[in-house]
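Number of protein chains: 2
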Amino acid sequence: MTTYQIWQNNEALIDDLRAVEETISQHIRIKNKQIEAQIKKVTNNHGKMLRPVFALLTSQMGNQYDRDKSIAFAAALETLHMATLIHDDVIDQADTRRQIPTLHTVKDNRYAIYAGDYLFSICFNMLSQYTEELNLLNYNARSMEKVLIGELDQLESRFTPPKSVKSYLSRISGKTAQLFAVSCYTGATESGASLRDRQRAYNMGKYIGMAFQIIDDILDVKGDAKDVGKPVMADIRQGIYTLPLIYSYQQQPEKVGALLNKETPFSDETIHELKALIDQTGGVIAAQKLAARYTKKALNTLSKLPEGDYKATLKHIITDMLERTL
Amino acid sequence: MTTYQIWQNNEALIDDLRAVEETISQHIRIKNKQIEAQIKKVTNNHGKMLRPVFALLTSQMGNQYDRDKSIAFAAALETLHMATLIHDDVIDQADTRRQIPTLHTVKDNRYAIYAGDYLFSICFNMLSQYTEELNLLNYNARSMEKVLIGELDQLESRFTPPKSVKSYLSRISGKTAQLFAVSCYTGATESGASLRDRQRAYNMGKYIGMAFQIIDDILDVKGDAKDVGKPVMADIRQGIYTLPLIYSYQQQPEKVGALLNKETPFSDETIHELKALIDQTGGVIAAQKLAARYTKKALNTLSKLPEGDYKATLKHIITDMLERTL
Numbered sequence: 025m026t027t028y029q030i031w032q033n034n035e036a037l038i039d040d041l042r043a044v045e046e047t048i049s050q051h052i053r054i055k056n057k058q059i060e061a062q063i064k065k066v067t068n069n070h071g072k073m074l075r076p077v078f079a080l081l082t083s084q085m086g087n088q089y090d091r092d093k094s095i096a097f098a099a100a101l102e103t104l105h106m107a108t109l110i111h112d113d114v115i116d117q118a119d120t121r122r123q124i125p126t127l128h129t130v131k132d133n134r135y136a137i138y139a140g141d142y143l144f145s146i147c148f149n150m151l152s153q154y155t156e157e158l159n160l161l162n163y164n165a166r167s168m169e170k171v172l173i174g175e176l177d178q179l180e181s182r183f184t185p186p187k188s189v190k191s192y193l194s195r196i197s198g199k200t201a202q203l204f205a206v207s208c209y210t211g212a213t214e215s216g217a218s219l220r221d222r223q224r225a226y227n228m229g230k231y232i233g234m235a236f237q238i239i240d241d242i243l244d245v246k247g248d249a250k251d252v253g254k255p256v257m258a259d260i261r262q263g264i265y266t267l268p269l270i271y272s273y274q275q276q277p278e279k280v281g282a283l284l285n286k287e288t289p290f291s292d293e294t295i296h297e298l299k300a301l302i303d304q305t306g307g308v309i310a311a312q313k314l315a316a317r318y319t320k321k322a323l324n325t326l327s328k329l330p331e332g333d334y335k336a337t338l339k340h341i342i343t344d345m346l347e348r349t350l
Numbered sequence: 025m026t027t028y029q030i031w032q033n034n035e036a037l038i039d040d041l042r043a044v045e046e047t048i049s050q051h052i053r054i055k056n057k058q059i060e061a062q063i064k065k066v067t068n069n070h071g072k073m074l075r076p077v078f079a080l081l082t083s084q085m086g087n088q089y090d091r092d093k094s095i096a097f098a099a100a101l102e103t104l105h106m107a108t109l110i111h112d113d114v115i116d117q118a119d120t121r122r123q124i125p126t127l128h129t130v131k132d133n134r135y136a137i138y139a140g141d142y143l144f145s146i147c148f149n150m151l152s153q154y155t156e157e158l159n160l161l162n163y164n165a166r167s168m169e170k171v172l173i174g175e176l177d178q179l180e181s182r183f184t185p186p187k188s189v190k191s192y193l194s195r196i197s198g199k200t201a202q203l204f205a206v207s208c209y210t211g212a213t214e215s216g217a218s219l220r221d222r223q224r225a226y227n228m229g230k231y232i233g234m235a236f237q238i239i240d241d242i243l244d245v246k247g248d249a250k251d252v253g254k255p256v257m258a259d260i261r262q263g264i265y266t267l268p269l270i271y272s273y274q275q276q277p278e279k280v281g282a283l284l285n286k287e288t289p290f291s292d293e294t295i296h297e298l299k300a301l302i303d304q305t306g307g308v309i310a311a312q313k314l315a316a317r318y319t320k321k322a323l324n325t326l327s328k329l330p331e332g333d334y335k336a337t338l339k340h341i342i343t344d345m346l347e348r349t350l
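Residue numbers (our numbering), protein chains in the order written: chain A, 25 to 350; chain B, 25 to 350.
Keep in mind that the hints were calculated from the coordinates and are not lab data.
Each hint should be verified, as a subset may be incorrect.
Label-pair ranges, simulated between beta-carbon atoms [said to hold, decoys possible]:
#1 A:K72 with B:K328: 53 to 59 Å
#2 B:N68 with A:I124: 40 to 46 Å
#3 A:K72 with B:E46: 54 to 60 Å
#4 B:K328 with A:D240: 40 to 46 Å
#5 B:T288 with A:K72: 41 to 47 Å
#6 A:A336 with B:Q153: 33 to 39 Å
Note that this is a predicted model, so its numbers are computed, not measured.
We put the CB at the ideal spot given by N, CA and C, even for glycine.
Could you build all of it, start to finish, from the sequences and the hints given here?
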């Protein structure tokens with residue numbers, strides 16, 4: 025399934041996403057054409073472009089819709105996301121992303137670090153070129169801060185016993201939900217929505233992001249049929265203890281704790297036993313319930329937003345995301 | 025010599041630099057206090073703070089001087105510089121910077137990558153909080169782009185035969201001179217200087233940065249008495265061929281080329297022979313001449329800027345920089 029096929033029922037949205045891709049490509053201008061081509065190869069190999077989708081749809085909320093602006097902002101948010109992915113891939117030493125070799129594999133870590141930094145600067149270049157609201161830019165910069173605080177916190181807590189659900193939620197709220205929140209906020213703000221509706225858009229995005237990350241963490245434990253290349257329990261192997269495991273630990277602290285105290289890297293046997301324990305203790309089911317609660321909160325917040333065609337599309341997407349048919 | 029001692033004759037400037045340091049520190053706010061302390065340890069161990077010095081002094085150019093703003097911008101520029109240093113240290117795998125262990129040594133590469141990203145976002149947070157000119161923000165973002173294009177270009181051209189002086193100048197113009205240029209431009213713009221004077225301030229900063237980097241590259245060949253920890257010819261060992269070597273190659277392409285074609289990493293003997301060749305062919309002297317030319321251009325541009333006390337201080341600093349008593 026190509027990127028655009030998942031949005032098959034929405035021609036206008038697909039056109040906009042193509043324009044977003046084009047805008048990103050146009051902003052990557054490097055005299056050394058080899059470097060330029062290398063970076064464009066990564067940015068053209070995008071995913072579902074969920075963050076641009078939310079920014080594009082929420083930009084139809086108010087009455088100041090401006091297609092060019094809306095596309096520029098969506099492009100800035102996707103560029104920011106891509107920059108973090110390039111650095112994440114260096115950090116995880118991932119060999120491929122979406123079937124193509126990662127930048128640090130094709131070139132090296134150093135190259136990938138600078139390329140990520142370059143995309144960060146393009147993001148702020150785009151934002152400052154198109155926005156009229158400095159407040160919005162500040163929102164974006166602070167949002168990026170929160171993403172990185174979440175990532176640093178996750179690194180720091182690797183291989184330490186799973187703490188509370190609260191600390192997990194705080195971490196994913198930074199690491200993942202922030203960018204969804206700010207995507208919706210950006211769309212709403214640029215469209216001239218009221219302050220209350222901007223805040224609602226922000227909250228909706230945050231709930232979507234929370235549900236999205238929890239589901240991602242569930243798929244890491246259960247295995248994702250669509251993502252055959254990824255080994256099951258990849259996060260836990262790296263010492264990242266996510267919600268299903270935390271719930272499981274709360275149920276059986278001694279049994280789970282004993283396994284987590286084993287020597288790292290964990291053996292396949294330990295991973296297998298951990299997976300069995302998570303199943304037995306209902307860790308996945310409890311996590312699914314929390315994801316459903318966030319989805320419900322997102323839909324509830326959406327229902328309060330100003331009427332418009334965008335709402336039906338958003339409702340559809342949010343529901344699909346929970347069921348992960350998207 | 026501590027950081028502030030070099031500015032000993034200028035109490036007002038030292039006060040401002042202390043305020044810059046304090047501002048940066050205040051912006052680093054992370055719930056996990058251990059992470060916060062680690063990052064602050066790096067940012068508090070700053071160098072001469074040359075970029076803030078230029079931003080602070082040029083902010084006295086126009087008639088809208090505002091101390092708080094001027095300090096905030098200087099802090100943003102220093103934070104941007106620090107972010108690039110943290111990533112540079114990961115890339116060069118440098119063990120220490122200014123006598124303290126680098127972040128990736130204390131923690132690990134991953135941590136240092138995210139910490140650098142975090143400082144980038146703080147920089148844009150500061151800029152968007154204080155500026156009233158979106159144009160200025162765009163300038164900063166584009167300047168950061170150029171820095172990274174310069175770094176990528178340098179990485180890409182490692183261990184390839186030294187090309188033209190022109191391509192060297194284009195690389196350092198991005199990698200180093202941009203941040204000096206934008207520091208001067210930022211000060212001038214915020215002070216309400218005329219468009220012509222802003223452009224002059226930008227050019228002056230660029231010339232200063234060019235001279236600064238050429239001198240840095242000369243010291244890499246000659247050895248810097250003040251920087252005892254750094255091995256001589258560190259750049260060339262890493263495949264970064266700078267101006268003295270390029271000049272030398274132009275004089276003796278066969279001899280220099282033969283040495284550069286040897287197996288890498290270069291042996292101490294090869295490095296020794298290269299150094300001798302650079303001396304014989306006058307590579308250092310030719311580079312010094314070009315640095316002096318840029319310094320002269322900087323001073324010449326400075327002389328055309330509006331009168332004020334800041335000019336004498338700038339003149340003093342620019343002259344000291346060339347002689348590297350600074």
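Hints versus structure:
1. A beta carbon spacing of about 54 Å between K72 of chain A and K328 of chain B agrees with the range 53 to 59 Å that was offered as a hint.
2. Evaluation of the 40 to 46 Å hint for N68 of chain B and I124 of chain A yields a pass: the beta carbon distance comes to about 41 Å.
3. As the Cβ distance of K72 of chain A to E46 of chain B is approximately 44 Å, the hint placing it in 54 to 60 Å is violated.
4. For the hinted restraint 40 to 46 Å between K328 of chain B and D240 of chain A, the CB-CB distance of approximately 58 Å leaves it violated.
5. Range check, T288 of chain B to K72 of chain A: Cβ separation about 43 Å, and the 41 to 47 Å hint holds.
6. Roughly 38 Å separates the CB atoms of A336 of chain A and Q153 of chain B, a value that falls within the hinted 33 to 39 Å.
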